[in-house]
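Student: Chain by chain, the residues run as shown.
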Amino acid sequence: MTELVWISLALPLAGFLALLVLGTRLPARGAGWIGSLVMLAAFVAAAAATIMLAGKPEEQRQVSQVAWTWLQAGNFSVGLDIWFDELTAVMLLVVTGIGFLIHVFSVGYMQGDGQYRRFFAYLNLFVFSMLMLVVSGNLVLLLVGWGLVGLSSYLLIGFWHEKASAVKAAKKAFVMNAIGDVGIAVGAFLLFVELGTLTYGGMFARAAELDTATATIACLLLLVGAVAKSAQLPLHTWLPDAMEGPTPVSALIHAATMVTAGVYLIARFNPLFAEAPYALDTVIVIGVLGLLMAGAIAVVQTDIKRIIAFSTMSQIAYMFVGVGLSAYWAGIFHLFTHAFFKALLFMGAGLVIHALHGEQDIRNMGGLKRVMPKTWFCMLIGALALVGIFPFSGGFSKDAILSSALHVGTPLAWVAYIAGLVGALLTGIYTFRLMFLVFHGRMSPYAEKVAPHAVEHHGEGPRTMLWPVYILTIGAAVTGLLQIPGVTHVFFDWLDPIAPGGMVEPSAPQEWLTTGIAVTLGLVGIAIAAHLYLRGSAATDQIRLGRGRLIAHALERRVYWDDLYEVVFERPAAWAAAFLRRDVDGPAARWLPLDGAGTLTAFLGRTFNVVENGVVRSYALVFALGVGGLLLYLLVRGA
Amino acid sequence: MITISWLIGVAAIVGLLVTVLPFSRRAGGYLALLGSLAVLGGVIGFIYRFEPSAGYQFGDDVAWIPQLGIRWDVAVDGVSLAMIAVTALVTACAIGYGLWAGRDRNHATYGLLLLTEAFLLLVFSARDLFAFYVGFEGMLIPLLILLAIWGGAERRQAVVQVVAYTALGTLLMLVGILYLGLTAPDGPSFAMADAVGRGPDWVFWVFALAFAIKSPLFPLHGWVMPAYRQSSPEVAAVLSGIASKAGGYAFLAVLVPLFPEQASRFAWLFIALGLVGFMWGALLAFRQPDSRGVIAYSSIAQMSFVVLGVFLLSDLGATGATFQMVNHALISAALFLLAGWAETKAGSGAFAHLGGLARNRPILATVVLIVGMAALAVPGSSLFASEFLILLGAFAEAWWLGAIAAVGIVLAAMYMLRWISAVLHEREGDLVGSLRPPDLRSGALVAIVPLVLALVLLSVAPAQLTERIDRSAQALVAAAEEVAP
Amino acid sequence: MTSVGLPVYLGLSAILMTIGLIGVLLRRSPLTTLLSLEVMLNSVNLTLVAFARQVGGTDGQVFALVVMGIAAAEVVVGLGLVVAMTRREMVLDTDELRTLRG
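Protein chains in written order, with my numbering: chain W, 1 to 639; chain D, 1 to 485; chain H, 1 to 102.
Read the hints as simulated data drawn from the structure, not as lab findings. Because the structure is a prediction, the values reported are computed rather than measured. The beta-carbon is built from N, C-alpha and C at its ideal position, and this holds for glycine as well. Watch out, some of these pointers could steer you wrong.
Stated by the list, open to error - To give an idea of the interface, some chain W residues facing chain D are shown, with a C-beta separation under 7 Å as derived from the structure:
| id | residue |
| --- | --- |
| 1 | TRP33 |
| 2 | VAL66 |
| 3 | ALA164 |
| 4 | PHE189 |
Said to hold, decoys possible - The following residues of chain W were derived to be distant from chain D, with all beta-carbon distances above 12 Å:
| id | residue |
| --- | --- |
| 5 | GLU59 |
| 6 | GLN65 |
| 7 | VAL193 |
| 8 | THR302 |
| 9 | ARG463 |
| 10 | THR464 |
Looking at chain W on its own, in the form it has when it is part of the complex (with noise of 0.2 Å):
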């Protein structure tokens, strides 16, 4: 069984090395198959290994073992080990198969590219890193992993690296990320230096040693990390601006994988959590800040993706409240019906994109319905999913999380189920506000011109391109079924043991109220977004709110946090850096060894040049004074 999770973690780096050696020397298309291929055997291997793994009894299903000793110095030791259990499962299937789906998917959306095979490449090493992180058996190598997916994520978002603005936001994605990574190394050294060990089964088994005030620091720290990966307060910055990079590549990093990984971080870690109470009702903090904040950014953009991108920021916010709220099992279920319904959403931006020629504006769309029905039935099973509408998979998984929020009652989580009930609104209101002025009413100039032009030539897409848009249509219609309130208990039967401290389940009627609730909100949303979209044409003026300018501006600038990010980061460190280079560092170094030494000798030099004076006689007169004061010496010191 492990050695299938070994087979399904080397597949996808056998297929980037492949891509690598061959680069040129394989046809394009062949790239595209290569990495396809390997994506798919690994999703057979992950399944294989998963259906072994429900074959065993539950107290058999935490499976770990070591290929080599990576790292080593004095009584620090760290092994290249993974750890099989139902969690690592489920993040198996879900990056090995929305993986493959998006692979496919690139092979018809990025026909043309010259960069064909380097991105094929890059994808492979993407879901490398990513199953290093799920697989993983100790912090060093999740860290591994997710460093690693840092990295591919940077080189994808800058992947069209002529565009400057691409390259911008691979460079701050890839720092942001960063300051993440530090947050886990530092918690890494926390838990060694307090723990001893760095491997999962070794810091749970001690974990309840830890006083609580260590445990909080410690989550707290992996929490920075888990923050910025999943692009939540106050490290998100990066993630509508990594839109920048081929739509592919956000579906499948930024709606599907690795924006979750911080999500599986904190259920991983849910021993050390669960003697960190504090550090939990952070993760809610973070958690309903961001839905809002993020779900009424989404409301004012403009540009597909980007809207697409908040939604995800938002949905990964109520996957920290499940996760804070200890129900484990809730956030990872929506991070599961998410991947399907996002990158659903965003496969489906990308046939838009791609018909329109890369436009990405809603603005220029409008009436898309007519001549694009198919991608416009999937993207509305998505939105639907999206807004949680029943019996579609995204209701159930976020009634899950609110509902346990109702049963878990404190006051924190009173605040949580209201605002996730807000946020359930403002998800209508921006899912269909952007169903509605691309899909329908009147087309915009710019669609006008192509859109029909390009439908009528190569339809809505390639059939690489429709078929994965087809199965994540269906995945995101049924997966919800899994966990049918008071019916089905897949799900958290699944990943109850994962838990040692328990986790929080709601009862039937507690979840039903909940959807009621919920569903009652989403729909008055999409009524609402139709009220102010559906009629009439997608002129600008509209897609504002109307009132509150300052409101409005607000959004538009995303609530000024990256200006403030500007001023208070970038222009401070650029300003030092160059005052220091043209000021202090450079003058110093020059003047140290030549002007310092050189003045300092040139000085001697001019004191002592008076008796330099080239009169021989004189010289003599100095010599025999000399050596007459000598002689003198010597008589005075004989006698």
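Put chains D and H on the given structure of chain W with help from the hints.
Tutor: Same frame as chain W, now just chains D and H:
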């Protein structure tokens, strides 16, 4: 049995012959390359035969100048082994690069590189203070000749600056060494073993000064910029890759074991300088207008980290510092060769003229990316592993120290990303079109790839190196660690 | 033959040395300077020989011979310089010859 003396001898003799005899460029170059490969082969043999638990190995100890108690006492422990291995590899690559990438080199340049290697091997293996001094000072001679004769346009100023700094340090150190040697209790003896714990504070300080200049440690890094800017790429690779390691190595293998009490008493100062130097180098690297500037200041930052690791005076810190030196040697050598390649081909290294090199240059782009990512210590890279050890050691010492130093990871990410983008991405520079051949070709590639491969191997299994270093590093800092309150 | 005591030799030597020194310090002609130098050297020679006889060894005599040889060489170089200067019609005045000052 082959001992380290053999390797020093091969490097010195072949180097001298190639320098002095009137070879043609090709003949001299290939002879020197052969010599460096022979040394590399010997070192690989050492790596296989090395016994981590056996202390100093592959050594010789014969009287050299008996009247003064000076002995030719050389031997290799785990820390030396790591440094010697990387020295051999970088020298071979530098000679290969000079041979295949440069058409205008003089045959003597290859010989001088090999001579530098001989002196460096002596530094890394000497167990006698006088022999150590010969290596430490001697390596400057070939390097300065290389810089003074075949350097860039402002080479004169660079030579003056290097001499002004290093002469100051090493001459004072000579006084210290003579003091230690001549005041030995049983007649003059320069053996390091006889000098342990015997030196007064001023000797400690003159040693520290010499090593700090060589490392270079903030604020004594003024000679670095002109030297790295004015040297030809392969000389810059040797200078920053391995010559500067003589300083870091000497801190760990000479200063700390010889002056355990002072090292422990003044450790805070070096840790502080390491921290400041790291931030300083990182900030300045962020604003440099050309590749060499970025690499030079990143070297300062990385070597500051090494000093920080050494003066943690703990097992983790010392092992991490040695490992960090190995990594940085490989990385900065590779970076200088890469940057130098583009620079010499295009005629300028300024980012304003070079840029957008990734377009239609898949090989160059791949190599630059791998080395760049290794240099910013992306988790999983060997540099990450070594920094992790140092930081963990720092954290174990004092949590705030580890936390502050960890911020450096972010700074490193910032300047290296800027470098990668400036070289590879965005707008194509106006001189890029003049690159001939357009992409890295076999010659320069063969010289750079071994460095990259070594980095990849160390990333996959860093324990292979650290388990060889660990015990020796621990022994070196053990005395100072015990003194610590 | 009446034997003269050591003090007489030393006295003469001192007188010679003083004359030579005064000559070097006061006269500006290079020729005279050389001459005065010879006088000083010979005063030293006298001292050496006198002491050697007093002590009974031969070391002093050997030294004196060496000094004579070196003095001869020095005069050759010095006179050569003077001749060369004359040929170039330079002023033979040591105070004017100061091109080599730092």
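Student: So, for every hint listed, does it hold in this structure?
Tutor: Right, here's what the structure says about each hint:
Restraint check, TRP33 (chain W) versus chain D: the minimum CB separation of about 20 Å is more than 7 Å; hint violated. Using the Cβ-Cβ criterion of 7 Å, the hint placing VAL66 (chain W) at the interface with chain D is not satisfied: the shortest such distance is roughly 12 Å. The restraint placing ALA164 (chain W) at the interface with chain D holds, with a minimum CB-CB distance near 5 Å, inside the 7 Å limit. Satisfaction of the interface hint for PHE189 (chain W) is found here, the shortest Cβ-Cβ separation to chain D being roughly 4 Å, below the 7 Å cut-off.
The beta carbon of GLU59 (chain W) is kept farther than 12 Å from every beta carbon of chain D, the shortest such distance being approximately 33 Å. Annotated as non-interface, GLN65 (chain W) keeps its C-beta farther than 12 Å from every C-beta of chain D; the closest such distance is 17 Å. At the 12 Å boundary, the C-beta of VAL193 (chain W) falls inside the reach of chain D, the nearest C-beta of that chain being 5 Å off. Every CB of chain D is more than 12 Å from the CB of THR302 (chain W) (nearest about 26 Å), matching its label as outside the interface.
Under the 12 Å C-beta cut-off, the non-interface status given to ARG463 (chain W) relative to chain D holds; the minimum distance is some 30 Å. For THR464 (chain W), the non-interface assignment is confirmed: its Cβ lies about 25 Å from the closest Cβ of chain D, beyond the 12 Å cut-off.
When the structure is compared with the earlier hints, violations turn up for hints 1, 2 and 7 and for no others.
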